[in-house]
Structures are given as structure tokens and as C-alpha cells.
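Heads up: the protein sequence lines correspond to chains A and B, in order. In terms of the numbering used here, the first sequence opens at residue 3 and continues consecutively. In terms of the numbering used here, the second sequence opens at residue 40 and continues consecutively.
Please keep in mind that the hints were generated in silico from the structure rather than gathered at the bench. Treat the hints with care, as some may be off.
Said to hold, decoys possible - Quick list of in silico lysine-lysine cross-link-like pairs, BS3-like style, CA-CA up to 30 Å:
1. B:K114 - A:K92
2. A:K71 - B:K157
3. A:K57 - B:K114
4. A:K144 - A:K80
5. B:K257 - B:K347
6. A:K80 - B:K329
7. B:K114 - A:K30
8. A:K41 - B:K329
9. A:K92 - A:K115
10. B:K70 - A:K57
11. A:K281 - B:K157
12. A:K41 - B:K76
13. A:K281 - B:K76
14. B:K148 - A:K41
15. B:K216 - A:K281
16. B:K148 - B:K216
17. B:K257 - A:K223
18. A:K24 - A:K92
19. B:K238 - A:K281
20. B:K114 - A:K223
21. B:K347 - A:K45
22. B:K47 - A:K41
23. B:K329 - A:K281
24. B:K157 - A:K75
25. A:K75 - B:K114
26. A:K223 - A:K80
27. B:K157 - A:K45
28. B:K76 - B:K218
29. A:K41 - B:K347
30. A:K27 - B:K114
31. B:K114 - B:K56
32. B:K255 - B:K218
33. B:K216 - A:K57
34. B:K47 - A:K57
35. B:K148 - A:K281
36. B:K238 - B:K257
37. A:K24 - A:K171
38. B:K47 - B:K238
39. B:K329 - A:K223
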Amino acid sequence: MENPYLPYPVRIEEIITETEDKNLKTFKFVFQNPEDEEKFAYKAGQFGELSVTGKGEIPIGIASSPTEKGFVKFTVNKVGLVSSFLHTMKTGDIMGIRGPLGNWYPWETMEGKNVLIIGGGFAFTTLRSSIIYMLDPANRSKFKDIHVVYGARSPGMLLYKDELAEWEKRDDIHMHITVDATDDPSWKYNTGFVPTITEQKAPPSDGETYAIICGPPIMIKFTQPVLDNLGYDHDHIIMSLENRMKCGIGMCGRCNIGMEFVCKDGPVFTLAQLNATPKEY
Amino acid sequence: MKVIKIDKKDWADSLGKLSGPYRLFGPVRDKDFHNFKELGNDEQPDFNFQNTRVSAKSMVLPQSETLFTYSLDEKEPDHHQMREPEKNYSPRAVLGIRPCDAKAFLLVKRNFDTPEYKDPYWVRAYEASTFVGLACDDPCSTCFCTSAGCGPFHEEGLDLLLVDAGDHFLAKVLTQKGKNLVQAAGWGVETNADVELMKRTAESRIASAISTEQLKGKAATDLYHAPFWEEAAFACINCGTCTYSCPTCWCFDIQDENHGNAGVRMRNWDSCMYPLFTLHGSGHNPRETKIHRVRQRFMHKLKYYLDKYDAGIQCVGCGRCIRLCPVNIDIRNICELMNSHDPGACTCQVA
Ligand SMILES: Cc1cc2nc3c(=O)[nH]c(=O)nc-3n(C[C@H](O)[C@H](O)[C@H](O)COP(=O)(O)OP(=O)(O)OC[C@H]3O[C@@H](n4cnc5c(N)ncnc54)[C@H](O)[C@@H]3O)c2cc1C
Ligand code: SF4
Ligand code: SF4
Ligand code: FES
């Protein structure tokens, strides 16, 4: 019997400090046993449990894309017990990863459709995975127009800055990067909150456009009416939830919203599904 | 089905025979109450009880259990890697479990033994167990098993059902596991005694009942927003007694515990009644108030579980949560409120 609680041992290969406040770091892991990488085959939108031996486990969205091989990446905000300890770890340290866990963005359904990605703050991790996945030469032709609205408090708080700059230069993805405010004269992108920029820049739905939206509750709250005005159906608005988790496999009982376990039946839900569920997230 | 007669004077002898091939567990007196534990050499289970204080769930899901061990000492080759501990999953017999507690394992099994994942600790312990039930002749006033998919002589989940018949037990053999145990104990005297009448008498002693037939048809969101939760939860002190004593509550927490450079990853019973259960690292808590938490417990048992598996409610009517709640919160009342809730009849409309 496979033990779903047993993490794959991994080594920290690289640590990148992403933001100016140093609270967000990206960890690049390499599997100690190469065959475990195949077992960890994942899709954009899934998450893993990072097992920090001696401290515990935390559920974190997979930031690397299935098209990137030889490693997996996670971007972790420094919050409490486990994530703070992880921030003190060094390259070469050994820990574990369990997964991949949960469902993923509906890639099969979104084929042939326009895709609008909306992200705020540090909830951009699985959205990075998704963008890299869609822009892969083997996949780009499967999707129509791709728009991305991504906002952070200030330029220094944006994740994956080099990649954002590269995507800005491409003509097969429409980037709408924004910051709440900045006094940096060299800032050449948008200024304003995500809902406002969405209203100004995001394409209206053609009836089939999918919007994937991840961010703090306040951003989601104010973006939703904008999407309604742009004609997005609630079953075309896709969200990813972050409830407190332990097991990640639907057993420990803490992450449910109604009858659904966010860890196993989610974390990805359509707004239409969420509307029919008690709002305990 | 085969019924076997076991003379009580031979009981101790047969337990002696069983203690070779099986680890034996049974109810023993624990201060003023009975609880399940592993029986020592020549220790007898004490069947002079109505029901155990805490359910028998710890026979399969211990209150604290080691999932892994590990070393933080970098000199060890597998440092910081989880090691699966050696566990004893040799055959065990749980003697004198009440039918409600045995049936509860079948409800809980849907959570731990799924098509996608199997909890190896739970599944192995469950599979290693032979459940020897003890039929109830003297139910508590709080029992409502007969309207909760169970009953005092209920057989689902049992391998063998013992019925106390004065100077002897009648044993109904229900499964191959039960047959094996009967053989190992050397019980062989078949009788054509009929336990049907005793069963009906016992069922007629169950004095309370719940109605659940309307629950399925109601929208979860309507029940969730029903006006009665605030009052229902008012007295609750979130002590968690209801969930710890319940045979069908299975929630757990996972914690790493270090002693110097060695450590264990443990799982411990947890409870949806505690605010920390759902507290996000950011400080946000989706079940912030006790109203949220009380509602979660009853919605899970009486609605979410029902909707998820379409196999009845997540309660066997053992009545423990009613007997032990310090503020008399009663699942039978809550069930009635839910079952009869009419969202259209809300009186709080503003004119
Ligand atoms: C599907 C999913 C994807 C996610 N993706 C990401 C991601 O990509 N990046 C990211 O940064 N985050 C992500 N998160 C959020 C992340 O999981 C949490 O921030 C993380 O679990 C916090 O863990 P922690 O140990 O640092 O904090 P916690 O330990 O939860 O600490 C929170 C606070 O709780 C208290 N506490 C903790 N343990 C105890 C205890 N034993 N006793 C008493 N008090 C205690 C402490 O006061 C602590 O400060 C995701 C979550 C989910 C569910
Ligand atoms: S036993 Fe009673 S008071 Fe304690 S948590 Fe349960 S309902 Fe609340
Ligand atoms: S909810 Fe109460 S009555 Fe039902 S099985 Fe649990 S403890 Fe027994
Ligand atoms: S995290 Fe354990 S059930 Fe979802």
C-alpha cells in the first residue's frame, strides 16, 4: 500500500529572494531520487506539501511549469512556524515534498478559448506556472488570446520580475502589469489597483473566455463585478482557494467548504461552484 | 446464519486460547467509566457496562499515532528523511464492541479508504481487526441508533455478534473473520436458538428517534443560512468533548515533535470545535465564531456527509455527545431543526 503521507526527499538547489521586503523567496528543489520526479508529474494549478523535517508541512502552489524539467519551484511567503523556518534554510539542505495534490486549472476545457489571468500580490505562483505552460511552443497554439493583469503594492513587490519583462516584449501574450502606487520615475507600466486595471485593459468575454483569478480576498471582491460587466459567466470564472490544510488528501477534515475538501476536490473551483457552497474560505 | 452457544464458565479458557493468535482488546473499568484498551495476560474484558465513555475508534485511529520518525543529525545518511516506523498489524480482536461503534467504522472507512488515496495506518489496523460485538439489552435514554441506520443488535461492521443469554452467550457468526475466531477459540456448540425475539425486545427499548428524510432534499446553503444556528450554538463552550467521544468523528492534526536530534511526525485527534483548526497563517479564520464551528459539526454529520456519499448520515445514534455535552446541546434537537427547516418561512423579512 502506497503511503500518501510519505514525502519525496528533495535538496534545495537554489533560493531566490523575490521581493524588496525579503518576505518572499522562491525555492528550487531537485529530487534526491530521480525517479521521484516522474511520480511527481503535475499540472499547472496543483500544489504540494513542503515537508520541513522537524517543523511540519505547508501546502504551497507549484510555481514551476510541467514543461520545465529537472526541478520544481515554489514561492513561499514568510508567515508562521514552518514558512519562517524554511526562510532560514540554505541551498544543499534536505527536506521533502508530497504531491502533486489537488485539481488543476481546466486546461482541456480552455483549449481553443481566450484566457484572462488576473493575479494580485503573491498569489501569482500557480499563475506563473500556467503562463509558462501556455507559452510553451508545444502548447501556445492550443489557446487563443492570452491577457494577464498582475498587480502588487509596489514595483519591488512583484514576483518573477525578469520573466515579466520578457513576457512584456512578446506579441503572443498581452501583459497589464500594475502597482498600487510608485514614485519610481522609471516605472513604465500601469498604476492602479487590479480591479481598475482589469476594467480598463481586460478584454470583454466573447462568451467563451475563461478568467483565472488569484489574489487577496479584497481584490477578488472588487474584481468580480468588473468581470460581470465584461460578460464573464460565473462558470467561466476560475478561482483557487487557500484553506488551512494538514493532510492535503481529503482525510484530516479541516479544509472543507460544504461537502467539498479544498485539498482534494479543489483548490480550483469555478465561481458558479462557489456560489452554491457555504463561503468558508 | 450459524449461532453458537458459549458457556460463560468456559469464557476465560477461550480467551486464553485466543490470546495466542490475536492481540486482545476490550472494555475495562477506568475509574467510573469503561473504555477500550489492550488486555494484559489473563485480563478479562468487563462486559458490565452500557457503553464505553469514549468510543472504540481508537482501536483503529489511536488518539496519538506516530506516522514517521526522522533524524536531524547530518552525520546520519538519511538525515531529514521520513522513516516509516515498524508497526504491529498482527491479527487483533476487539471484544465487546457495541454494534454502533462497529458500524461507525464503516462510515469512517469512506474517508480513509478512497479510490484515490488509502490511509495505510487506518486501513491496516482495520483489516487486522476482528470485531466481536456485544448486543445491547439495556440502552441509554439518549440512544437513537434505530433511527440512525443502526440498532442494538445491528450486524454491519461486525464479524461476530455476542448476545448475553444469562449463563451463556449466543454468538452469531457473520463473516469469515468471525468464523476463524470461533475456530481459534474452540467454540463449536451450534444451537438453533433464535435471537430475533431478543433483538425486537431490545429495539423496542430504544426510546428516542430522529427524522432525517428531508435532509437530502434541502440545499446546503439554505441550511447553512438557517436562523437557528445562533441560538443552537449559544451555550457551546467549544470544549470538543462531543467530537472526541464520537465514534464517527475522525479529524486529526499532524505535528512534528523533536527530542534533541531525533523526532517523530505524529498525528493526533483534532476537533472542528477549536478555532485553531482552521486558522490561516495570515490570521484570517473562515470559521471565526463558535456559531461557525457548531454549524460545521452538525452540517458535516447531517448534510455534507449525506450529500457526499449518499449513504445516510455520519452518526450512528450512540448518544455519547448528548450524554457528555456539559451544556446539553442535543444532536436530536438540531437534527429536527434541520430536517424541518423551511427556508421560505423565514419570519425575519423587513416589511
Ligand atoms: C492550496 C494552497 C496553496 C498555497 N500556495 C501558497 C504559495 O504558493 N505561496 C505561499 O506563500 N503560501 C501559499 N499558501 C499559504 C500557505 O500554505 C500558508 O501561508 C502556510 O501554511 C503558513 O504556514 P506557517 O507554518 O508558516 O504558518 P502557521 O504555522 O499556520 O502559523 C500561523 C500562525 O498560527 C500559529 N500556530 C502555528 N502552529 C501553531 C501551534 N502548533 N500552536 C499554536 N499556534 C500555532 C502561530 O501563531 C503562527 O504564527 C497556500 C495555501 C494553500 C491551501
Ligand atoms: S460537547 Fe457541547 S459544549 Fe463541548 S464542544 Fe460539543 S457541543 Fe460544544
Ligand atoms: S454524533 Fe453523537 S450520537 Fe452520533 S455517533 Fe457521534 S457521539 Fe454518537
Ligand atoms: S487538508 Fe486534510 S482534509 Fe483537506
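- Run the structure past the numbered hints and jot down the numbers of the failing ones, going up. Structure breaks hints 4, 8, 9, 10, 12, 13, 15, 19, 20, 22, 31, 32, 33, 34 and 36.
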